[in-house]
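Required output: the full structure, derived from the provided sequences and hints.
Just so you know, the sequences run in chain order A and B. Note that the working numbering has the first sequence beginning at 29, numbered continuously upward. Note that the working numbering has the second sequence beginning at 81, numbered continuously upward.
Relax, there's no trap hidden among the hints.
With beta-carbon atoms standing in for the labels, derived distance ranges:
(1) B/A233 <-> A/K311: 27 to 35 angstroms
(2) B/L227 <-> A/R310: 22 to 30 angstroms
(3) A/T177 <-> B/W235: 58 to 66 angstroms
(4) A/K311 <-> B/L140: 25 to 33 angstroms
Reference listing, derived: stretches of chain B covered by chain A, where coverage requires no fewer than 3 residues with Cβ under 8 angstroms from a Cβ of chain A:
(5) 100–110
(6) 319–331
Simulated from the structure, these hints should not be mistaken for laboratory data. Note that the coordinates shown come from a computational prediction; the quantities given were computed from them, not determined experimentally. Beta carbons are placed, not taken as given, at the ideal position from N, Cα and C, and that holds for glycine.
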Amino acid sequence: MRRLRTVTLGLALLAPALLPAFVGVGNGAAVACAAEAAGEAHAALVVDTGSQTTTYCVALGAGTVSGLRLIQLASAQYGLSYHLGFGGQAVCQLQGVGPSGGDCFGDYPDYWGYWHGADGGWSWAGSGAASASVSDGDVEGWSWGPGDTGSTHPSPPDLGFDDVCDTPKPSASPPARPSPSAVPSPGAGSTAQSGSQASPDAAGPTPAGGVTSRSPVPKQPKQSPAADRTPTDPPSTGAIVRAVATSGGATPSGGPPMGAFAAAAAVAVLTAGGARTLRKRRKGESA
Amino acid sequence: MTLHPAAWMAWATCAGVVAFTTTDPFYLGVLVAIAWFVYATCRVPGPTARSFRVFAIGGLMAMAIRTALVFLGTVDASNVAFAALEGARLATLLIVFGTFNAVTDPFGVVRLAPRRFHEPALAAALALSIAPRTIATAGRVREAQQLRGIRTARWRGLPSLAVPVLESGMEEAVTLAESMDARGHGRGRRTRYRPAHWTPAGVAVVVAASAAAGVFLAAAWVGLGGLHPSTSPLTWPEATPWLIGVLLLLALPGIFGAFRDPVA
Numbered sequence: 029m030r031r032l033r034t035v036t037l038g039l040a041l042l043a044p045a046l047l048p049a050f051v052g053v054g055n056g057a058a059v060a061c062a063a064e065a066a067g068e069a070h071a072a073l074v075v076d077t078g079s080q081t082t083t084y085c086v087a088l089g090a091g092t093v094s095g096l097r098l099i100q101l102a103s104a105q106y107g108l109s110y111h112l113g114f115g116g117q118a119v120c121q122l123q124g125v126g127p128s129g130g131d132c133f134g135d136y137p138d139y140w141g142y143w144h145g146a147d148g149g150w151s152w153a154g155s156g157a158a159s160a161s162v163s164d165g166d167v168e169g170w171s172w173g174p175g176d177t178g179s180t181h182p183s184p185p186d187l188g189f190d191d192v193c194d195t196p197k198p199s200a201s202p203p204a205r206p207s208p209s210a211v212p213s214p215g216a217g218s219t220a221q222s223g224s225q226a227s228p229d230a231a232g233p234t235p236a237g238g239v240t241s242r243s244p245v246p247k248q249p250k251q252s253p254a255a256d257r258t259p260t261d262p263p264s265t266g267a268i269v270r271a272v273a274t275s276g277g278a279t280p281s282g283g284p285p286m287g288a289f290a291a292a293a294a295v296a297v298l299t300a301g302g303a304r305t306l307r308k309r310r311k312g313e314s315a
Numbered sequence: 081m082t083l084h085p086a087a088w089m090a091w092a093t094c095a096g097v098v099a100f101t102t103t104d105p106f107y108l109g110v111l112v113a114i115a116w117f118v119y120a121t122c123r124v125p126g127p128t129a130r131s132f133r134v135f136a137i138g139g140l141m142a143m144a145i146r147t148a149l150v151f152l153g154t155v156d157a158s159n160v161a162f163a164a165l166e167g168a169r170l171a172t173l174l175i176v177f178g179t180f181n182a183v184t185d186p187f188g189v190v191r192l193a194p195r196r197f198h199e200p201a202l203a204a205a206l207a208l209s210i211a212p213r214t215i216a217t218a219g220r221v222r223e224a225q226q227l228r229g230i231r232t233a234r235w236r237g238l239p240s241l242a243v244p245v246l247e248s249g250m251e252e253a254v255t256l257a258e259s260m261d262a263r264g265h266g267r268g269r270r271t272r273y274r275p276a277h278w279t280p281a282g283v284a285v286v287v288a289a290s291a292a293a294g295v296f297l298a299a300a301w302v303g304l305g306g307l308h309p310s311t312s313p314l315t316w317p318e319a320t321p322w323l324i325g326v327l328l329l330l331a332l333p334g335i336f337g338a339f340r341d342p343v344a
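Structure below.
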């Protein structure tokens, strides 16, 4: 019994000492995330409400996130409104469209269909967004409408990753210097000839030369329905809107991990308080 | 000052509901700390006070077994983390139940049985009190066997511990049923000796615990607060500070207990 008491007391005293270690781990994770954000891992998110399509070029904090986390990141970076249901495992509402309760099939037959981008088109997602993994360069689509299969549910308009994420990220590329003295690196020299054509590696982390970032006109997303769409698809007549970052590109999971800090503090206080009371009672009993 | 047994029952139920809604290690860790705090400040001295330790050990074993089951199938970091978090939730539930058994008199729970539903209430009361009664009996039997020079700590000595425990468990159940019958359970009329009273503290505990459980249920329903950290892909879990604050509502009985007269 005495040993147990000593152990608990030791734990109570250790807890505040361990606190900085905990925070250190948390900060380490945050730093790692920030470093990867600087490495510009992005995924494209396309949300088609039926009347309007919005595209989001979402910076991924970790290397790989789940489909649900992508929506949460889009919410943090662009203010995309969403609501999850079925215990937080399914998407009920995006941009105010969809049921607001916990039943995501509340407006059945209309619901949010989930798509993965495949070669500029779409493939119907076979599993839920909570278990899907999204990594750099992936395209994810959500479309509102009826239909239980990929051939009957309306798909989002055909958009590739480059259609959504072709503007150079302000954090990655310095402003283009028009001065001729700027010598582009040999590798970038060839692409520089193509002028305003955005190259796939324009969003790369190398700011060398700044020439490839001089693509003032973002490529217009394809408006016409592509040939490979199924005939049952009603052509999406809505406009395609590119979402604008709201919070200055807030780094995902940035800032101090307040929750972890609060939890560690609560555990320390409770453990110390409990051990103190127990010790006092024991002393009272033995006296 | 002691709380009404029903208040403890409500507290344990709400804490269990909260544990059930989340697999986030931060929330579960705070909940375990709350259970320990409540145990330390409100425990009833006596043989049933051991339940906390017994259930804590049982919880850790459940967590270990739940995690070990993963190694029968495909093993990767996500699977192991998922199983460990599920196991942690199970362990937290068990620790909350252990706290409940250590802080309240199990026979006080039996007394709560409503007279209308005699048989099911008797069965439920017996089931609820079986763990603390067995733990208390095991303590008594071990002490008695040690006085006789029989060692019960080894595997070989297990029968000398288990047989009397099972025997007295049966006897106690029969005695309890008879005594409940004798006190008029199921007869429509009965008197109560020193009935437990509801105190303002008991009401406050019930209200606070229900509020905490309600908030966590609502958060789980709308998918707020990251109650289930993603394990596929594996991410560093996050916690919402205000939900930690809500969780601390469950520590209220411990705060009442810490300031009570230690002699009483």
